[in-house]
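K.L.:
Dock chain B against the given chain A, drawing on the hints supplied.
Taken in sequence, the protein lines are chains A and B.
Residue numbering for the first sequence follows my numbering, beginning at 1 and increasing consecutively.
Residue numbering for the second sequence follows my numbering, beginning at 1 and increasing consecutively.
What the hints contain is simulated information worked out from the structure, not anything from laboratory work.
Certain hints may be false.
[Claimed, not checked] Simulated crosslink set (DSSO-like; lysine-lysine; CA at most 27 Å straight-line): (1) Lys12(B) with Lys345(A); (2) Lys201(A) with Lys249(A); (3) Lys444(A) with Lys249(A); (4) Lys271(A) with Lys337(B); (5) Lys345(A) with Lys124(B); (6) Lys124(B) with Lys337(B); (7) Lys271(B) with Lys124(B); (8) Lys201(A) with Lys444(A); (9) Lys73(A) with Lys124(B); (10) Lys480(A) with Lys271(A); (11) Lys203(A) with Lys480(A); (12) Lys12(B) with Lys73(A); (13) Lys201(A) with Lys219(A); (14) Lys201(A) with Lys31(A); (15) Lys73(A) with Lys31(A); (16) Lys271(B) with Lys219(A); (17) Lys12(B) with Lys271(B); (18) Lys492(A) with Lys201(A).
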Amino acid sequence: MSETLALEVRNITKRFPGVLANDGVNFTLRKGEIHSLLGENGAGKSTLMNIIYGLYSPDEGEFFIDGQRIEIKNPHDAITRGIGMVHQHFMLVPVFTVAENIILGSEVTRGFTLDMTRAREEIRALSHEYGLEVDPDAVVEDLPVGIQQRVEIVKALYRRANILVLDEPTAVLTPQEAEDLFRIMRHLTERGVSIIFISHKLKEVLEISDRITVMRRGKVVGTTTPAETDESGLAAMMVGREVVLQVEKGPAHPGEPVFAVRDLHVLDERKLEAVRGISFEVRAGEILGIAGVQGNGQTELAEAITGLRRVESGAITVDGAPVPDRDPRFLFERGMGHIPEDRQKHGLVLPYPVADNLALVAYYKPPFANGIQRNDAAIMENAVRLIDEYDIRTPGPLVPAGNLSGGNQQKVIVARELSRQPRFLLANQPTRGLDVGSIEYIHKQMVAARDNGAAVLLISAELDEVMSLADRIAVIFHGKIVAVVEPGQVTKEQLGLMMAGTPAEEVL
Amino acid sequence: MNTTLESPPAWKQYLARWGWGLGSALLLLVLVLWNYAQNPTSTEAVLASTVRQSTPLVLGALCGLWGERAAVINIGIEGQMLLAAFIGFLVNVWTGNLFLAVIAGVLTGAVLGALLAFMSVTLKIDQIIGGTVINILALGLTGYFYQQGLTTHGKLQAIPLGPLADIPIIGPVFFNNPPITYVTILLVFFSHYLLFYTRWGLRTRAVGEHPRAADTLGVDVYLMRYANVIFGGGIAGLAGAFLTLEAVGSFERAMTNGRGFVALAVMIFGKWTPLGSWGAALLFGFATAMQTQLQFAGLNIPHQFIGMLPYLLTIIVLAGFVGRARPPAADGVPYEKE
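So here's chain A without its partners, still in its complex pose (with noise of 0.2 Å):
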């Protein structure tokens, strides 16, 4: 690492209607050091690097590559001054080939053919140096998420990227892909390649930084390195106070089971068995929480137990009384709450505004409709009363819930459903993707719900999450409950080890 910058921002402004995305940031990334770029969703990371690749314009600001001065407007501009970025959301197309997708924009040809024979040697000889295997023919859509991204690093390294920004690459990794996407990046900068690292994982920052900035409502905080901060200290930074990383909540005091499955079979899309006989009662005012490695039903479960998945066998009920099967109209009257598992398929209507989101469970009925007539009015009212309530970042009711930042739209979702103070709650994932700032308020507000008496079922991969929210804990393995622990008598690897399919006999 030298001390001779590779990419320097000076006063970026950028200006959306009714936000300041980026107010006057300045960055510096140094030939070859890994710089993270840390802050909650939407304090302006990704627009930060969008300005960068040329996907936005800046409204203020200039840009400095290896000192000189140079104008970005299209992303063209950026792969030929040797920025590359990889996107949260890969940009492969899922039919081409790995080879397809690298040349695409950057082609070699010999006359007007597109030199694929060409193409691959290069690619072979890209993934050798820097030991990114990727097969060339292989066609994307058969890759897993892993492989994908190897693929969008390979995409720009064929472009001579020398700056590479990664945006929240390890959002869709598996901790063993992410370990070795690790291994990739200080490989990368052990040959002079400059990386962007965007997350709001905390712990990875701090491993795999040099330098670590933080951003906070479009502005920069600071910068400081992994070894003059820690956790807390970064979170606080990112939010602007301090954090509670851990979970405050007094005992539970557990009433009558508000919610009960018996022996439940639900098959799943390819008709295979996958939950395969679960029983199990929420008691009103208790978390209990299923913790399972994702794809051991869980999916399934949820989509059985609000209506969604038709129950093979088995029986779901309700206060003893025993619901038809698939009715989620029934559920909700009778006081279910739902913070599904997608929030962008299943919890939102993306182009809806914020305010119609947030009736979304009750505009059939007074006070959200008269007759069959909408009340705009006290659809209006209830949004601006929630927005403030549950700190919903929105420039306004009448906003798109699809122009919210991943945080936002799940308290839109969290805010909807908990206002109308569900007797029995399914949280399935409710954290997936936010960042600390997000995750205290929704683990505070699923707490308060379990105060004040409703029952809540929270189906979480996060260990740390499950270990520190739930009254009781339930393992799932293959469709079936292994295990049902209080957090106070397991260790997280006593957990991890059931999880992974360990009797609990043998851990416990």
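P.N.:
Just chain B now, kept in the frame of chain A:
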């Protein structure tokens, strides 16, 4: 760590994709040969007619294909063909020149393509509505300006390709055709090459599958869509020119007779590929040729039923009974720059 998923061998994928079509083609071939042994002249007539009937369908399908590969659905092929047929016809009547007339037809199609591109790429109007606008426009304009009794100055005539034309079966079918039919066959192979082996094709397909990915790599999505829709429009224009200047020699109201829509079925049947579309068009052309033949054969079936054959085939194809085809992922979706 090698985590690449196993995919089935190439020949298996190929068979799964094209097996149905290849199988039926083989069956047809056997039937044709058997029939040829029985009655050579009528077999040759049916086959030659198949190729000619398929010409406007292949051209229409190529038009649809170039649009949809760039994610613009073109249901205005019918209108593009019709207006091009009309303008080509008029230019011939005025100038007496067939070549100029064909060029005029192609240009007409291209201009309508530009109109469709403007509506769907720039204005981001629903593409089905945009296509319908073109269909209604063409029907209205040609209906209004049409005068009865006009005929062209001559027609494009068949040009036998020397000794090739004397080969039994193949000769009269493929090597004794008028110019637009030859151009069509060339266009099929040219389109295949352009789409799958050139920079242009790669970018076109990228824009149809994942426009944002193309955009982040500096590919101009709007330019690609405009160019491909206009190119496709020109091909539809050639189909129109075929109808008036090569096939019929005069213009009639609504003479495209649904071929633009059948062409879309052909394109889908051909799985959005030029060669596949050609095969599918030959099948449709064969159905049409048989229809004529069966009517002469004096079967005791009302001719309306036999006339339904190609359209019946269209419904079967469009209803998805034949294989599973996957359209380009971004098909029909306007692109918004960030």
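K.L.:
Hints first: check each against the structure and report whether it holds.
P.N.:
Hints and how they fare:
1. Pair hint Lys12(B) plus Lys345(A) does not hold up; C-alpha atoms about 35 Å apart against a cutoff of 27 Å.
2. For the hint pairing Lys201(A) with Lys249(A), the CA-to-CA distance comes to about 23 Å; that is within 27 Å, so the pair holds.
3. Of the pairs offered as hints, the one joining Lys444(A) and Lys249(A) holds, with about 8 Å between alpha carbons and a cut-off of 27 Å not exceeded.
4. Between Lys271(A) and Lys337(B), the direct Cα distance comes to roughly 40 Å. Violation of the 27 Å bound is thereby established for this hinted pair.
5. Only pairs whose Cα atoms come within 27 Å are accepted, and Lys345(A) paired with Lys124(B) is accepted, the gap being roughly 24 Å.
6. For the given pair, Lys124(B) sits about 12 Å from Lys337(B) by alpha-carbon distance, which is consistent with the 27 Å threshold.
7. With a CA separation close to 26 Å, the supplied pair Lys271(B) and Lys124(B) stays within the 27 Å bound.
8. Distance hint between Lys201(A) and Lys444(A) is fulfilled; the C-alpha atoms sit about 19 Å from each other, no more than 27 Å.
9. In summary, the hint linking Lys73(A) to Lys124(B) is supported, as the alpha carbons are separated by about 24 Å, within the 27 Å threshold.
10. A distance of roughly 17 Å separates the Cα atoms of Lys480(A) and Lys271(A); the hinted pair therefore holds under the 27 Å criterion.
11. Proximity of Lys203(A) to Lys480(A) is assessed by CA-CA distance (about 32 Å); at most 27 Å being required, the pair is judged violated.
12. Between the alpha carbons of Lys12(B) and Lys73(A) the distance comes to roughly 47 Å, so the proposed pair goes past 27 Å and is violated.
13. Proximity of Lys201(A) to Lys219(A) is assessed by CA-CA distance (about 19 Å); at most 27 Å being required, the pair is judged to hold.
14. Distance restraint check for Lys201(A) and Lys31(A): the Cα-Cα separation of roughly 24 Å lies within the 27 Å cut-off, and the hinted pair is therefore satisfied.
15. Between Lys73(A) and Lys31(A), the direct Cα distance comes to roughly 23 Å. Compliance with the 27 Å bound is thereby established for this hinted pair.
16. Of the pairs offered as hints, the one joining Lys271(B) and Lys219(A) is violated, with about 51 Å between alpha carbons and a cut-off of 27 Å exceeded.
17. A hinted pair counts as satisfied when its Cα atoms are at most 27 Å apart, and Lys12(B) with Lys271(B) qualifies at roughly 17 Å.
18. Distance check on the hinted pair: Lys492(A) and Lys201(A) sit about 19 Å apart at the alpha-carbon level, within 27 Å; holds.
In this structure, the earlier hints numbered 1, 4, 11, 12 and 16 are contradicted, and the remaining ones agree with it.
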